[in-house]
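*Asks:* Once you have looked at the hints, place chains U, H, B, P and Y on chain D.
Going line by line, the protein sequences match chains D, U, H, B, P and Y. In this text, residue positions in the first sequence follow my numbering: the first is -5, and each later residue adds one. In this text, residue positions in the second sequence follow my numbering: the first is -5, and each later residue adds one. In this text, residue positions in the third sequence follow my numbering: the first is -5, and each later residue adds one. In this text, residue positions in the fourth sequence follow my numbering: the first is -5, and each later residue adds one. In this text, residue positions in the fifth sequence follow my numbering: the first is -5, and each later residue adds one. In this text, residue positions in the sixth sequence follow my numbering: the first is -5, and each later residue adds one.
Among the clues, some could well be false.
It does not matter which identical chain is meant; a pair holds if it fits inside one copy or across any two.
Think about it this way: if two alpha-carbon atoms lie no more than 25 Å apart in a straight line, the pair counts; the simulated DSS-like pairs of lysine-lysine are [unchecked claim]:
hint	residue 1	residue 2
1	Lys200	Lys159
2	Lys31	Lys159
3	Lys38	Lys159
4	Lys242	Lys219
5	Lys5	Lys159
6	Lys227	Lys200
7	Lys170	Lys227
8	Lys170	Lys200
9	Lys113	Lys5
10	Lys31	Lys170
11	Lys5	Lys31
12	Lys200	Lys38
13	Lys242	Lys200
14	Lys38	Lys218
15	Lys200	Lys116
16	Lys113	Lys218
17	Lys5	Lys116
18	Lys227	Lys5
19	Lys200	Lys218
20	Lys5	Lys219
21	Lys242	Lys5
22	Lys227	Lys113
23	Lys200	Lys225
24	Lys113	Lys225
Don't read these hints as lab results, they were simulated from the structure. Everything numeric in this text was worked out from a predicted model, so none of it was measured.
6 protein chains.
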Amino acid sequence: MNLLQIEAIVKQALNEDLGHGRDITSELTIPSDAQAKAALRVRKPGVLAGLIVGLSAFTLVDGDFEITIHANDGDALEADQIVAEIEGPARSLLTAERTALNFIQQLSGIATLTNQYVKKVKGTDAKITDTRKTIPNLRALQKYAVRCGGGVNHRSGLDDAILIKDNHIATAGGIKAALDAVQDAGHTLKIEIEVDTIMQLEEVLKHGGANIVLLDNMNVATLKKAVALCKGKIVTEASGGVTLETVKAVAETGVDYISVGALTHSAPALDMGLDIDL
Amino acid sequence: MNLLQIEAIVKQALNEDLGHGRDITSELTIPSDAQAKAALRVRKPGVLAGLIVGLSAFTLVDGDFEITIHANDGDALEADQIVAEIEGPARSLLTAERTALNFIQQLSGIATLTNQYVKKVKGTDAKITDTRKTIPNLRALQKYAVRCGGGVNHRSGLDDAILIKDNHIATAGGIKAALDAVQDAGHTLKIEIEVDTIMQLEEVLKHGGANIVLLDNMNVATLKKAVALCKGKIVTEASGGVTLETVKAVAETGVDYISVGALTHSAPALDMGLDIDL
Amino acid sequence: MNLLQIEAIVKQALNEDLGHGRDITSELTIPSDAQAKAALRVRKPGVLAGLIVGLSAFTLVDGDFEITIHANDGDALEADQIVAEIEGPARSLLTAERTALNFIQQLSGIATLTNQYVKKVKGTDAKITDTRKTIPNLRALQKYAVRCGGGVNHRSGLDDAILIKDNHIATAGGIKAALDAVQDAGHTLKIEIEVDTIMQLEEVLKHGGANIVLLDNMNVATLKKAVALCKGKIVTEASGGVTLETVKAVAETGVDYISVGALTHSAPALDMGLDIDL
Amino acid sequence: MNLLQIEAIVKQALNEDLGHGRDITSELTIPSDAQAKAALRVRKPGVLAGLIVGLSAFTLVDGDFEITIHANDGDALEADQIVAEIEGPARSLLTAERTALNFIQQLSGIATLTNQYVKKVKGTDAKITDTRKTIPNLRALQKYAVRCGGGVNHRSGLDDAILIKDNHIATAGGIKAALDAVQDAGHTLKIEIEVDTIMQLEEVLKHGGANIVLLDNMNVATLKKAVALCKGKIVTEASGGVTLETVKAVAETGVDYISVGALTHSAPALDMGLDIDL
Amino acid sequence: MNLLQIEAIVKQALNEDLGHGRDITSELTIPSDAQAKAALRVRKPGVLAGLIVGLSAFTLVDGDFEITIHANDGDALEADQIVAEIEGPARSLLTAERTALNFIQQLSGIATLTNQYVKKVKGTDAKITDTRKTIPNLRALQKYAVRCGGGVNHRSGLDDAILIKDNHIATAGGIKAALDAVQDAGHTLKIEIEVDTIMQLEEVLKHGGANIVLLDNMNVATLKKAVALCKGKIVTEASGGVTLETVKAVAETGVDYISVGALTHSAPALDMGLDIDL
Amino acid sequence: MNLLQIEAIVKQALNEDLGHGRDITSELTIPSDAQAKAALRVRKPGVLAGLIVGLSAFTLVDGDFEITIHANDGDALEADQIVAEIEGPARSLLTAERTALNFIQQLSGIATLTNQYVKKVKGTDAKITDTRKTIPNLRALQKYAVRCGGGVNHRSGLDDAILIKDNHIATAGGIKAALDAVQDAGHTLKIEIEVDTIMQLEEVLKHGGANIVLLDNMNVATLKKAVALCKGKIVTEASGGVTLETVKAVAETGVDYISVGALTHSAPALDMGLDIDL
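Next comes chain D alone, as it looks inside the complex (with noise of 0.2 Å):
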């Protein structure tokens, strides 16, 4: 995400905790010229994602901070590491310490639930994708975690790619009728299409005109003749709660992807604090 684009949502994410406006503790108690060092550390082992989004909560209620990076968004951390270490005024540490916290926390906590899934399957061929069941107005940040994390990003909106559904082939009249609607739409996009069936991806396979297939909520053994079909004429993507329990079966049906709203809707967040020594 832009440097612009990220300015702008942790504003928004300052100006909710400001509310009227103001810090009345810090202000009340903490000199105006104080001065503190705070250290980031994480609590439990995770992987590390919105540092530099996190931290310029500090640089962003005030110019005056020094910030020393100890870890990279993508790396594994050990609990207890420090990840940052911030040196500014103390009301401003103070004020900003929340609302940095809470981005790194969440994304972080993306970060490390996509890199479990990751590893489960390690040494197939299957990659880990992101849906766009997110949290509302989060969803670039929420995928920029999963790629943290080792995963790979679906679609951004319903503007990026064409994903037609069961109920758009419904609507349409069928899978040939909403394929053939779509091949107008413009060469730099992507068409993928979903099916339930076997039945239904054989239609698929046979008119053409898609480069992704969606098998959704297929047993392993479908999954398995489905992809069977697939190989060399279009690539697959496996999607239907996915679990951690689950997901290394799903990978060894050979699919190319499998998509996991879990990443981006349920990520317990990464434990995270701040030690400030004064």
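*Replies:* Same frame as chain D, but now just chains U, H, B, P and Y:
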């Protein structure tokens, strides 16, 4: 949350999904005059939150929807229960679908988790409360979801209550200095102070000037002792790594409030779907 | 008010003055490389507020200003005192001049009026507080100015304290019902309730559950009686048409807070000017 | 002011009052289906301004209000006159009340003060006009209120007319240089120039190229002389510390326009209230 | 483009025209209750685009318009054809007139020019496509107009497809390195690569990993040779200075797509007017 | 245009190009520490406009650019002339390239076309002026470009001058009524009125009260007659379908201003490019 602010945040989320501006797939595969009916169904049991917020995605995209509500925020839902029915233009229905679900699933996930904590402390006087450990730019809605789940809200931001933490105490020059510093902040603001030890607590009680004491990271035995010292003098709040496993024991110390960060930073989404009948 | 929010509001004001985008007069009459020095001078005695806010207009228009501060917000100023000196590009100085002055004069006007009330109640225990009767979209800065003048702030909005007024009581079904309804609003929120008569006050005191009582539009004799009933039990606030003439008598009743709408809705601007030395 | 811009500014003010998003008191004490009727009543005599602007606060918060207008902007009001009646949901009525009143009281205060000046100069040819000494981010509405009070507007900002002040003259290298510099600014822009002395005025008249001369801080005798020199040649405007006491004498010099900064920077609010009948 | 985004961009344009907030002329010369009827008429033949976008200017300014549509976007128009009739408040009609026309004329100009290119390549397999050489902040609407004219859209921005240009190749260390670098970007993104010579093309074809090849600035002979090499292997796009004079020869090389920057950066407006019948 | 507003509009354009937030191609193919040098070169002769505006795209994306300017807005450029050199991070350079060029090419196109009109009327007293027929949301910059090309600006919007057109006259009840209606609009606003015939012009001249007369769609002979009637009495402006072919004859009628809509609605972009030396 006021409708004015709901509308703004839902519009922002729709724009996030629309990106450069088009739901290309629906535009190309669905006739502009096609109508559709859909049932919003919960797939797992849980507590509903954010129904009106999420449904507003449909009406913001298109004025022509008819929506029937079958459940209200705060209701306990059984698996497969229909919570609302939506009827209107098929294209717009599919355009708004994901944004609507993203809101309702996130917020119902929070209400559901909150409710699990609330049930655990049933029979005690303890109330479950949230924190500022929220997902950036979603705080007001997340705190609303906590209320739907039976929790009560802690402060909304840095501006609507005073919360003197360990770092404020250290910089201010001790508990007394910190409490003195905030006495003239305004008569409409509550004052809360964090203590880590019984000794600190005794200093707070002796000095006076606080409405609430935050008993941070104490074990159950210490907490019990602390609560006993406070009874009738000051409101008590326990915080620090409380889980569904430990919350009951914490509540049985007699503490008034138990704050749980996980309610808003780590609640998994409640599984829901839109079954469309074209 | 945080610098992040100050910057936003001052930018909005600069854009308001620039309209379609140009200070045509300065652009055409002043060479682009002309430098100027200016002294910001108060013309009448008063209390300073908003100096940094106003001066930020210069730095937001042009990065090349050097500014020297000779007084701080909250200082009592004598007529003709210089509060700051600004040196930099002549064009930008003239472009930002009016916006800078509009902020500082408005806010210093409020601080000055507040301070006149504060001086009148000197020797009593009463504090002067503001209201939500503020000028639209300037509230946070106006409330800051009240603090500069020696006042304390009442709540910032509808969201950061509970204030049960006569209409709430009537709709809720009486004082008890209204107080009961707000008891679970959250432990970090203060509860204030308005009463017009001694009888209502007695009901509030008997029922409990409020932190502050707003004694509305009572004459001095009634107020005295009311305050006597409240001492040691509940914080008291007097409101309703208090003027510089009547405030002392109100304060002498022993009331804790006196709220004055005029501080923010009717304070005349403090006369100031920018003496430019080209 | 166009409705599009009124809606934006009133929404901003509602959001300012709602802060983190809730009118907690009304939400908890008032049943969601309670209805209320209210009469907007002026408490002191004055001139109405901003009625539609203020009342839009109700309809922006809730679509279900019925509003009856009993007076129009520009009308002279007697004490206790009802200017509008509002009927609708009790909760929303109380949520929007303060924002609505803040707009109408501020703007009616300006219209009332303007009208006092206008009445003082009755019988002369002088018109009362405003300045850019306005309250930040409220200028367009304040200038509208000036018109409601019988005044005429000076320029709206730095972009819609040329006003060469003393500092522009000094930097440009004199009156002639300054006037020459703006001659090609565009045929749709008026050119005004400030003079402090008769000598300067004579230079302006001799050189030509200005549409209006601003006679700044002249005493009545000098002003009379200046006006005599200008008659039939150039429009005249007097400015500088004009008060309700001095405005008549200034008008009797024959000057065309008298600009008064106090109209917009120091007008006290007109006392109004919403009498609610639940 | 979604109505949500159309509304935002048209509001911005109305505010641009309203400046400090008033259509002064209409406000002063037209009675507030005057009604008017107007016919939107094209003055020159062309292809319509942006009709709904432009007409929304009327409804955004005033809710009381009745609009009848006589043509649809994409229709070929004859000179003097009426495309819509608008009936409603005369003041608002004149306020919105220019903004409405500015949108429709710009966008119809693009559709008209695009259509001229499309007609030139009739009988070949080539499709006309646009570029990112658009007018700042109008891209989504301009690309919509290209579709109205019979063109297809290239990518919408830097985020929705990969386009490796000469500079990317040079910095990445050659064609292979560049193609390898983007293979894991995500399965929903198309990969396009620019080549200037047959030798570069052969390297691309040999290496694989691209979906589209951009044949930049090749003369017709070279282009023909390049297209022949690509047939059946990769989609081809020609770009670089293509004009209405040269496009047919380019198309006859058998290339799949021809991108033309002029469609969006240099299309003259289509002449239209609003004939008002008061 | 002020830098504050330039920054806002360029940020909006960068966000338009970045869409969901990433320049994927540059991010993947260019090492994060790669540096690049680029020369901004004009490909065809023309007049420069918008250089600083466009170059700000680079500095807004990344703080680390060094930019050297070799020409100024308003300069006549020869083909292949270098107007600026940019040195800095290669990734950011490629990210900002298109946005920068889109601004400079559009605005230089306008300056170039304006200058062609200006040269045609050389030797006459006529000045070339623009209209409100601008591209939505780009007006202030387009009008700046007109000035760079040697033109003068007409009014900026509906708010900064009065222009009574045929429809205003008709609704107001004739020329006299319309002119009377605007006399008290404010002394800082110019009044212009449109006439189509000599008879109407005579009515305007007889009645007085206008500063400028817009002679609309008159042929050269009528225009000459009209101008003769106006000399010394009122400023004249000719409008209506003036082209590069006809403008000289129009100018020779002695008219003061000639307004040309095509300057801003139909100017082709000036061809420019960024030659990057990696």
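*Asks:* All hints are to be evaluated individually against the structure, with a verdict given for each.
*Replies:* Going down the list of hints, with the structure as the test:
| no. | hint | verdict |
| --- | --- | --- |
| 1 | Lys200 to Lys159 | within (18 Å within a copy, 35 Å between copies) |
| 2 | Lys31 to Lys159 | between (52 Å within a copy, 16 Å between copies) |
| 3 | Lys38 to Lys159 | between (39 Å within a copy, 23 Å between copies) |
| 4 | Lys242 to Lys219 | within (17 Å within a copy, 48 Å between copies) |
| 5 | Lys5 to Lys159 | between (37 Å within a copy, 24 Å between copies) |
| 6 | Lys227 to Lys200 | both (10 Å within a copy, 19 Å between copies) |
| 7 | Lys170 to Lys227 | both (17 Å within a copy, 24 Å between copies) |
| 8 | Lys170 to Lys200 | within (10 Å within a copy, 33 Å between copies) |
| 9 | Lys113 to Lys5 | neither (35 Å within a copy, 37 Å between copies) |
| 10 | Lys31 to Lys170 | between (63 Å within a copy, 23 Å between copies) |
| 11 | Lys5 to Lys31 | within (23 Å within a copy, 32 Å between copies) |
| 12 | Lys200 to Lys38 | neither (50 Å within a copy, 38 Å between copies) |
| 13 | Lys242 to Lys200 | neither (30 Å within a copy, 34 Å between copies) |
| 14 | Lys38 to Lys218 | neither (37 Å within a copy, 28 Å between copies) |
| 15 | Lys200 to Lys116 | neither (32 Å within a copy, 30 Å between copies) |
| 16 | Lys113 to Lys218 | within (21 Å within a copy, 44 Å between copies) |
| 17 | Lys5 to Lys116 | neither (39 Å within a copy, 40 Å between copies) |
| 18 | Lys227 to Lys5 | neither (47 Å within a copy, 40 Å between copies) |
| 19 | Lys200 to Lys218 | within (19 Å within a copy, 32 Å between copies) |
| 20 | Lys5 to Lys219 | neither (50 Å within a copy, 42 Å between copies) |
| 21 | Lys242 to Lys5 | neither (40 Å within a copy, 38 Å between copies) |
| 22 | Lys227 to Lys113 | neither (27 Å within a copy, 35 Å between copies) |
| 23 | Lys200 to Lys225 | both (14 Å within a copy, 22 Å between copies) |
| 24 | Lys113 to Lys225 | within (24 Å within a copy, 41 Å between copies) |
Violation of the numbered hints given earlier is confined to hints 9, 12, 13, 14, 15, 17, 18, 20, 21, 22; the remaining hints are satisfied by the structure.
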